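*Asks:* Residue-level listing of the chains:
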Amino acid sequence: MRKIRPLLSLAVVALTCLVYFAILNWHEQSLGLTSRLSGYTLTGVCVVMLLLPLRKRLILLNFGRVAMWQQLHHFAGLFSIVAYFLHAGWSVNGYLESTLAGLFIALTFSGLGHWYVNRRIPKLMRAVGPPLRTEELMPRRLAISNQAYSIALAAASDSDSAGLADLYSQSLNDYFHQLRSFTYYVRPTGVGRRKLQSQLDSVARYLNPKGQKSKEDLSDLVRQRDDVDFQSAMMIRIRCWNVAHVVLTWSFVLVAIVHIYAAHRFAGN
Amino acid sequence: MSQTSDAATSETFGNRFAFDPQMASVDLDSILNYPPFSDIDATRFPNGTNSIATILRQDCRLRTYRPGDVLIRKGEYSNSAYIVLRGGVQIILDDLEFNADANEAGQFWSLWQRLVASVAGPSAGNALRRINRSARQTHLAGKAADGKLGLRDDDTRAQTYLQDIDAVVRGSRSEPITAGGIFGEMAAMTRSANDYTAVALESTTVLEVRWQGLRQLRRDLGFRTALDQRYRETGLQSWLHSHPLLEYCPSESIATIAQRAELLSFGEREWFVQYNRTKQADLSSKIASEPLICSEGEHANTLCIIRSGFGRLSYQFGHSHRTIAYLAKGQSFGLAELAHNARLPNINQYLPFQYSLRALGYLDLIRIDRETVREHILPYCRDDSLPASIDRPRLDRFGTPVDDEKSVPPDNLREEPLMEFLVESRLINAAQAMVINTDRCTRCDDCVRACATAHQGVSRFSRTGPTFENFQFTESCMHCIDPVCMIGCPTGAIRRDQETGIVSINAPTCIGCRTCADSCPYNNIVMEVVNQGSPARGLSSDNELPIVASKCDLCQNLAAGPACVAACPHEALERVDLSNTQSLKAWLAEQ
Chain A
656 MRKIRPLLSL AVVALTCLVY FAILNWHEQS LGLTSRLSGY TLTGVCVVML
706 LLPLRKRLIL LNFGRVAMWQ QLHHFAGLFS IVAYFLHAGW SVNGYLESTL
756 AGLFIALTFS GLGHWYVNRR IPKLMRAVGP PLRTEELMPR RLAISNQAYS
806 IALAAASDSD SAGLADLYSQ SLNDYFHQLR SFTYYVRPTG VGRRKLQSQL
856 DSVARYLNPK GQKSKEDLSD LVRQRDDVDF QSAMMIRIRC WNVAHVVLTW
906 SFVLVAIVHI YAAHRFAGN
Chain B
2 MSQTSDAATS ETFGNRFAFD PQMASVDLDS ILNYPPFSDI DATRFPNGTN
52 SIATILRQDC RLRTYRPGDV LIRKGEYSNS AYIVLRGGVQ IILDDLEFNA
102 DANEAGQFWS LWQRLVASVA GPSAGNALRR INRSARQTHL AGKAADGKLG
152 LRDDDTRAQT YLQDIDAVVR GSRSEPITAG GIFGEMAAMT RSANDYTAVA
202 LESTTVLEVR WQGLRQLRRD LGFRTALDQR YRETGLQSWL HSHPLLEYCP
252 SESIATIAQR AELLSFGERE WFVQYNRTKQ ADLSSKIASE PLICSEGEHA
302 NTLCIIRSGF GRLSYQFGHS HRTIAYLAKG QSFGLAELAH NARLPNINQY
352 LPFQYSLRAL GYLDLIRIDR ETVREHILPY CRDDSLPASI DRPRLDRFGT
402 PVDDEKSVPP DNLREEPLME FLVESRLINA AQAMVINTDR CTRCDDCVRA
452 CATAHQGVSR FSRTGPTFEN FQFTESCMHC IDPVCMIGCP TGAIRRDQET
502 GIVSINAPTC IGCRTCADSC PYNNIVMEVV NQGSPARGLS SDNELPIVAS
552 KCDLCQNLAA GPACVAACPH EALERVDLSN TQSLKAWLAE Q
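Just so you know, the protein sequences line up as chains A and B, in that order.
Each residue of the first sequence is one higher than the one before, starting from 656 at the first, in our numbering.
Each residue of the second sequence is one higher than the one before, starting from 2 at the first, in our numbering.
Don't read these hints as lab results, they were simulated from the structure.
Hints may be right or wrong, so weigh each one.
[Claimed, not checked] Dumping the calculated DSS-like pairs for lysine-lysine here, alpha-carbon to alpha-carbon at most 30 Å: (1) A:Lys868 to A:Lys850; (2) A:Lys865 to A:Lys850; (3) B:Lys586 to A:Lys658; (4) B:Lys586 to B:Lys280; (5) A:Lys778 to B:Lys586; (6) A:Lys865 to A:Lys778; (7) B:Lys280 to A:Lys868; (8) A:Lys658 to A:Lys778; (9) B:Lys586 to B:Lys330.
[Unchecked claim] DEER-style ranges, computed between Cβ atoms: (10) B:Ala587 to A:Val901: 35 to 43 Å; (11) B:Glu269 to A:Pro864: 25 to 33 Å; (12) B:Leu589 to A:Arg894: 56 to 64 Å; (13) B:Thr501 to A:Ser753: 51 to 59 Å; (14) A:Met723 to B:Glu269: 55 to 63 Å; (15) B:Glu269 to A:Lys865: 41 to 49 Å; (16) B:Ala256 to A:Leu713: 53 to 61 Å; (17) A:Arg788 to B:Asp95: 47 to 55 Å.
Since the model is a prediction, treat every value here as computed from it, not as a measurement.
Where is the CB? At the ideal position from N, CA and C, for every residue including glycine.
I would like the entire structure built from these sequences, with the hints used as guidance.
*Replies:* Right, here's the structure in full:
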């Protein structure tokens with residue numbers, strides 16, 4: 656049931672759109688004010704979508720699972736795109752209406768993006784290891800850097816592994832002890848990790864068997880640190896989408912209220 | 002602890018933590034003169050906290066029932082055994098419609114109740130219970146018109162009763178228990194659900210012994226032997242009667258099976274001690290150390306039916322064993338082979354056991370020999386209740402492995418890695434495991450926040466725990482089938498709800514001794530600092546403030562159910578019954 660539910664829901668949304676289109680058409684032919692009907696419909700849909708954050712805040716109340724409300728939010732969102740274009744058309748005039756249209760489009764894209772990252776990112780995070788909590792990220796980084804430091808220290812005391820200690824002080828130290836760059840958080844890649852691992856491989860020939868083992872351990876720690884950073888970047892990405900969606904939502908609500916007031920204030924009979 | 006301190010502890014806790022404070026004023030001689038207490042060797046119970054008098058005052062209570070009153074209900078969990086002092090009780094083996102859902106009172110009414118209960122906030126649970134009780138009263142009143150069930154609500158307790166007990170007893174499989182008899186002891190001792198309903202036949206006085214006291218009383222050999230004999234005569238027969246495999250067996254056959262069956266126990270009831278000790282050991286050595294009950298390749302001459310605990314079903318793979326399933330209460334081992342062999346004309350064609358059975362921690366089973374199975378079980382089994390013929394055996398009649406390509410386990414037991422993981426981490430004990438699908442979880446922690454909201458700002462779990470592929474089994478109370486955390490609680494503060502099976506801690510009676518937290522093999526109970534002035538005796542090592550045990554209570558006071566499940570926007574978090582392979586497979590199919 657869970658697997659066919661999205662298709663079923665999409666079918667319901669499509670049917671709703673058809674019915675809505677037919678109603679608007681009938682209303683227009685009856686010489687009714689279609690802009691008013693479509694406006695109220697859009698307002699209603701927006702109110703339905705705003706029930707999700709409300710439900711999240713009233714978590715102890717027995718109004719069904721948040722997941723169900725989230726589904727409703729998604730499909731109301733899809734319907735709102737159709738409702739918007741039937742209300743406003745393809746071109747808008749005036750500062751207020753243009754702002755509102757811009758906000759609506761931005762909000763729609765942020766919603767779609769949020770939906771996508773919520774589905775995509777958990778799988779990416781799972782691929783790099785067991786799930787971490789936000790509060791575990793820093794202690795985990797610290798533990799990894801301490802381990803790496805111990806290995807480097809041991810290598811420094813062994814003349815046949817000195818190359819490893821040199822590499823640690825030149826590049827690995829910064830990697831383990833500093834946060835990744837802003838660009839990494841925007842677009843996390845494995846380039847940095849691969850570069851360091853290839854540097855480690857390049858010093859392998861100078862190392863004795865004990866040093867080889869230390870090199871393998873350091874290489875593993877580089878990977879572990881990269882995995883932690885990747886999970887961190889992915890968590891931040893989800894949060895950013897969430898914040899963007901929330902900010903756009905309330906901006907849209909404010910401008911929409913002004914628009915509704917103005918539409919009523921200046922509406923003719 | 003010394004005798005003196007034992008006595009002092011007993012005096013201090015005395016009535017405060019007694020099962021029934023009124024037992025302090027009861028004349029104990031009037032109880033001790035009745036069997037089975039009259040047969041107990043009192044010298045086995047030294048004075049102090051372990052004396053019979055202390056056990057009676059601390060862990061027992063007297064209850065009186067009117068004719069028709071229901072004492073225990075089939076399917077409900079019970080923490081106590083009952084000894085009939087006066088009157089008589091009827092054990093009814095059939096299912097009665099006791100657990101009528103309040104929702105049946107009407108969809109609209111049910112919706113309204115839930116709404117009211119929701120808006121009422123944190124105390125909604127009590128409101129809901131009141132509403133449910135009145136709805137059930139309404140519902141039962143309807144049943145009462147048929148002359149069957151009723152609900153009496155006096156000042157002290159609500160009591161369900163059978164209005165026309167004769168009619169119910171006449172139409173059901175039942176047996177009487179008279180003065181001196183005991184019932185409910187197996188459910189109490191094995192921490193499992195009752196297999197029958199007990200109803201008072203006349204004005205009856207019973208002594209309810211909570212399991213802590215029962216465990217102490219069982220130290221007496223005479224008491225224990227009498228209990229086992231009593232179980233063989235009544236409890237076992239009732240249990241066999243209720244087993245789906247023996248559904249159509251006549252009573253005479255059941256009596257014969259009960260008489261011939263061997264009652265066997267493997268491992269320790271306190272299995273978690275050994276489990277915690279050997280958690281880090283490698284799997285092969287752990288399997289090798291488990292008590293072997295039946296070995297693959299052995300002559301298939303017995304049927305094992307599990308009464309409580311869990312068994313590991315495995316087969317030899319390379320130098321070790323591979324787990325393919327776990328067997329829980331009510332499941333059997335050896336039936337496929339016995340049924341298969343019974344269809345064969347020649348004894349030389351008989352197949353041996355195809356798999357091995359080992360006790361996982363603690364296992365309690367009955368073993369029935371092949372002849373009894375052939376004479377008294379197989380003739381009364383419907384074909385659809387018997388396993389299919391073994392067309393592709395793993396082992397041939399000499400116990401030699403058949404071609405590897407063919408020696409595959411049955412299709413319904415193919416989730417081997419997951420099975421092995423669940424068995425090794427003993428998650429099979431979970432009736433309500435919190436499982437997070439990490440392919441859906443966005444790490445938003447809405448579940449943790451919801452838990453905190455439902456519990457005065459302190460979450461009762463953190464999103465951490467063992468993972469298998471994309472499933473994380475979070476460290477949150479799983480309301481185990483066998484809740485070992487209940488063992489040893491000196492005040493009975495931790496107990497299982499009879500109706501729902503939810504294990505919860507009563508904070509006002511918790512003294513913060515950490516026994517439950519140390520016993521829990523899954524680290525799902527934590528000690529929480531509470532305000533000064535609570536009865537807690539344990540002190541936090543950090544700040545010397547009183548502490549009590551705290552764990553997930555499945556939000557039983559909320560009409561919406563567990564807040565964590567309700568709050569997850571991605572349907573990533575679910576509560577799953579892992580003790581039952583059927584429910585596990587159904588859930589896996591949904592994922």
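*Asks:* Now look at each hint and say whether the structure bears it out.
*Replies:* Outcome of the hint check:
1. A:Lys868 to A:Lys850: It holds: about 19 Å lies between the C-alpha atoms, which stays within 30 Å.
2. A:Lys865 to A:Lys850: Since the Cα atoms of Lys865 of chain A and Lys850 of chain A sit roughly 23 Å apart, the hinted pair holds (cutoff 30 Å).
3. B:Lys586 to A:Lys658: Distance of about 16 Å is within 30 Å: holds.
4. B:Lys586 to B:Lys280: 26 Å, holds
5. A:Lys778 to B:Lys586: Satisfied, since the Cα-Cα distance of roughly 22 Å is no more than 30 Å.
6. A:Lys865 to A:Lys778: Violated. Lys865 of chain A to Lys778 of chain A sits at ~37 Å, over the 30 Å cutoff.
7. B:Lys280 to A:Lys868: Holds, at about 29 Å.
8. A:Lys658 to A:Lys778: 17 Å, holds
9. B:Lys586 to B:Lys330: Given pair Lys586 of chain B, Lys330 of chain B holds - Cα atoms ~18 Å apart, limit 30 Å.
10. B:Ala587 to A:Val901: 35 to 43 Å: 37 Å, holds
11. B:Glu269 to A:Pro864: 25 to 33 Å: 47 Å, violated
12. B:Leu589 to A:Arg894: 56 to 64 Å: 31 Å, violated
13. B:Thr501 to A:Ser753: 51 to 59 Å: 58 Å, holds
14. A:Met723 to B:Glu269: 55 to 63 Å: At roughly 45 Å between Cβ atoms, Glu269 of chain B and Met723 of chain A fall outside 55 to 63 Å, so the hint is violated.
15. B:Glu269 to A:Lys865: 41 to 49 Å: 46 Å, holds
16. B:Ala256 to A:Leu713: 53 to 61 Å: 59 Å, holds
17. A:Arg788 to B:Asp95: 47 to 55 Å: At 50 Å between Cβs, range holds.
Hint violations for this structure: numbers 6, 11, 12, 14, all remaining hints satisfied.
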